[in-house]
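Chemist: Protein sequences appear in the order of chains A and B.
Read the first sequence against the numbering used here and you will find it ends at 366, with the numbers running on by one and no gaps.
Read the second sequence against the numbering used here and you will find it ends at 366, with the numbers running on by one and no gaps.
Just to be clear, a hint being listed does not mean it is correct.
[Said to hold, decoys possible] Examples of chain A residues toward chain B, derived with CB under 8 angstroms:
#: 1; residue: I37
#: 2; residue: S101
#: 3; residue: S122
#: 4; residue: L154
#: 5; residue: I331
[Said to hold, decoys possible] Sample of chain A residues at the chain B side, in silico, Cβ under 8 angstroms:
#: 6; residue: Y54
#: 7; residue: E56
#: 8; residue: K59
#: 9; residue: F90
#: 10; residue: L94
#: 11; residue: Q124
#: 12; residue: H152
#: 13; residue: M158
#: 14; residue: I159
#: 15; residue: P308
#: 16; residue: G313
#: 17; residue: K314
#: 18; residue: I315
#: 19; residue: S325
Honestly, the hints are just simulated from the structure, not real lab data.
Think of the CB as a built atom: it goes at the ideal place given N, C-alpha and C, for glycine as much as any other residue.
One letter stands for each residue in the lines below.
Protein chains: 2
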Amino acid sequence: MKTLNLDLAEKSYPIYIGQGLLSQGELLTKHINGKQVMIVTNTTVAPLYLEQVKSLLGEGDHQISQVILSDGEQYKTLDTVNLIFDALLENRFDRSCTLIALGGGVVGDMTGFAAASYQRGVNFIQIPTTLLSQVDSSVGGKTGVNHALGKNMIGAFHQPKCVVIDVDTLDTLDDRQYSAGMAEVIKYALLGNLDFLHYLQKNINELMARDKSMMIELVYQSCEDKANIVAQDELEVGKRALLNLGHTFGHAIENTLGYGNYLHGEAISVGMLMAVKLSQFEGYLSVDEVDQVQDLLEKSNLPISISGKIIASDFMAAMSVDKKVIDGNIRLILLKKLGDAFICNDYQDKLLNRVINDFCQ
Amino acid sequence: MKTLNLDLAEKSYPIYIGQGLLSQGELLTKHINGKQVMIVTNTTVAPLYLEQVKSLLGEGDHQISQVILSDGEQYKTLDTVNLIFDALLENRFDRSCTLIALGGGVVGDMTGFAAASYQRGVNFIQIPTTLLSQVDSSVGGKTGVNHALGKNMIGAFHQPKCVVIDVDTLDTLDDRQYSAGMAEVIKYALLGNLDFLHYLQKNINELMARDKSMMIELVYQSCEDKANIVAQDELEVGKRALLNLGHTFGHAIENTLGYGNYLHGEAISVGMLMAVKLSQFEGYLSVDEVDQVQDLLEKSNLPISISGKIIASDFMAAMSVDKKVIDGNIRLILLKKLGDAFICNDYQDKLLNRVINDFCQ
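Generate coordinates for the entire structure from the input sequences, incorporating the hints supplied.
Modeler: Listed below in structure tokens is the structure:
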């Protein structure tokens, strides 16, 4: 097992990464103060790991309850979070309780927001079971839900007490979900880690075959890159925005096509390629570098174009309600070089329109 | 105008208290960074003060939008907060926007929670227009909504950028609402300020006649008492719990009778008397002291008994879902002496039952 510490003063917490961690109860129990534990999971993950996690906690020592949500980004809503509040109140959970998010990013984001808001804040633990949530959403304390008019528009910064990443759970992940996670892995490489990009390019076939020892390294490197950025800028007033590479484009794709059509990571794959193309049009990247990115995404079985009809003006409208908009200006994350992202406010509108028109057909 | 500073390091903010403040635009504008301003108010307050506040801001300098909510505690729900999110997104409000809560405690609590959660946190300003919100809920950063199973169960700590208290707005407050505010004023005196209690006892007739110069003193003293406690314990891990004197009982009354029957301050009046009675049964207070408290509440035209049938066991059940419950134990705020409250975990259950039975008939 490898342990990474996310350094946030009194809010610091460990991220445990390894195999067989869902057999090690003390990783969880040492971070649980009160007696009441609410496990939040979904209909896909519950049959696989819910009983295992419950048995780890010891029924005698804890009052364990559970909420099993529907699976899918389209359920990441305030109404679904309210189901968690219902369960907490029906079981008389008090401020000393702990919520455990067992599942992918959607479960983690909603459980975290419920923990942030229940009685104005209770403890929670992340047990991410998808590659995407292991390398991205479980780390850093961003929680929240979607609104019909925009993705992740309602939420809170609320850090977990620990993150337990058992890469064995990736065994049960379907190929499409696995590829979606690779999109966020590739993001870390593109935005700030050229060595990691070369490693991914060299080993993409073994990584797609899910070589287990490589999995631990892959997740560790991704979490380390993210933890370093979050430790410098927890509330995203500056550098943390770099983690949104491809996300303003990607959110617009999800929002325009409707949640549930694309997996989040799939939309981010196309979104990153759009950001990379704009970086090329702006003169930062060469055509060859764009091709390298496209090649890596394709070898990860990720989409590189929008499958579905989007009108360019609708796409632009969806982009303008993103959280990266400040006083009407859309801030974008572009690449100066491969492995070197920056926050760009002064791109040319006509070049942005060209990228959107290219992708929106 | 008097200015009080709530000292919370980088989250510190001023509380302006005086007459005619809703004619002084710079009190607001110096705390607004971005261009977008959303005024949240209700159907009662909008006809009285909405246009005045809008004209203060200057339509040319700001993009001003508004949400007018239904008036009443029964509307303090997640669904109503969602109306604020709808308005923010429909008007494309970004992270640099400012929300202004114009109204009583319900408007302030919901606007604050919307500000805490929109895009994971935006700025907000409190303009409380009721006595209760001026002396209590607008100060200290507690925000949130009710759930069918418990009061204020969903929320966040989110501090405003400033609080503008214009006591002239009390001119339009009906007598019942004014008395409800007096309940929270009396609370500060009972829990920690014996001099203030004597002042209230001596001047209750003038105060009920709303002598304007006395109003400013009354609000200032209440806010100062609250600010001192909040500055020591923002997140209520200790001393701040004293501010809940009468609230565990009061919330149970509101919850059992249904929101909208009692005003919050009315329920707190009865709740404080229940806490005072338990303090007497426990041997801390004399019968004469209980009578003094009852007399002051009566002279403030506040209820001293529950008007409506509550079954004692229902009352007990409602108490046990309060936020002051830790690992199954209901913590209560009792009085050692008048003006000296403490957090009590070891009261006798039979004495608590006796109080509940006395009040539940």
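Chemist: If a hint holds in the structure, say so; if it does not, say that too.
Modeler: We went through each hint and held it up to the structure:
The beta carbon of I37/A is not positioned within 8 angstroms of any beta carbon in chain B (closest approach about 12 angstroms), and the interface hint is therefore violated. The criterion of a C-beta within 8 angstroms of any C-beta in chain B is met by S101/A, whose closest approach is roughly 5 angstroms, and the hint holds. With its C-beta approaching chain B no nearer than about 5 angstroms, S122/A sits inside the 8 angstroms limit, and its interface hint holds. The beta carbon of L154/A comes within 4 angstroms of a beta carbon in chain B, closer than 8 angstroms, and the hint placing it at the interface holds.
Hint status for I331/A relative to chain B: holds, with the closest Cβ pair at about 5 angstroms, below 8 angstroms. Among the interface hints, the one on Y54/A is violated; its C-beta lies about 27 angstroms from the nearest C-beta in chain B, farther than the 8 angstroms criterion. Restraint check, E56/A versus chain B: the minimum CB separation of about 26 angstroms is more than 8 angstroms; hint violated. This hint is violated: K59/A has a C-beta 20 angstroms from the nearest C-beta of chain B, more than the 8 angstroms allowed.
The restraint placing F90/A at the interface with chain B holds, with a minimum CB-CB distance near 6 angstroms, inside the 8 angstroms limit. For L94/A, the shortest C-beta to C-beta distance to chain B is roughly 4 angstroms, which falls under 8 angstroms, so the interface hint holds. Residue-level restraint check for Q124/A holds (minimum Cβ-Cβ distance to chain B is 5 angstroms; threshold 8 angstroms). Contact between H152/A and chain B, as hinted, is supported at the beta carbon level, the nearest pair being about 6 angstroms apart and thus within 8 angstroms.
Of the supplied interface hints, the one on M158/A holds, with its beta-carbon coming within about 6 angstroms of a beta-carbon of chain B, less than 8 angstroms. Hint status for I159/A relative to chain B: holds, with the closest Cβ pair at about 5 angstroms, below 8 angstroms. The interface hint given for P308/A is violated, since its Cβ lies 27 angstroms from the closest Cβ of chain B, which is over the 8 angstroms cut-off. Hint on G313/A is violated. Least Cβ distance to chain B is approximately 23 angstroms, over the 8 angstroms limit.
For the restraint placing K314/A at the interface with chain B, the shortest Cβ-Cβ distance is roughly 24 angstroms, beyond the 8 angstroms limit, so the hint is violated. Because the smallest distance between the Cβ of I315/A and any Cβ of chain B comes to about 19 angstroms, over 8 angstroms, the interface hint for this residue is violated. Taking 8 angstroms as the C-beta contact cut-off toward chain B, the hint placing S325/A at the interface holds, the least distance being around 6 angstroms.
Checked against the numbered hints given earlier, this structure breaks hints 1, 6, 7, 8, 15, 16, 17 and 18; the rest are met.
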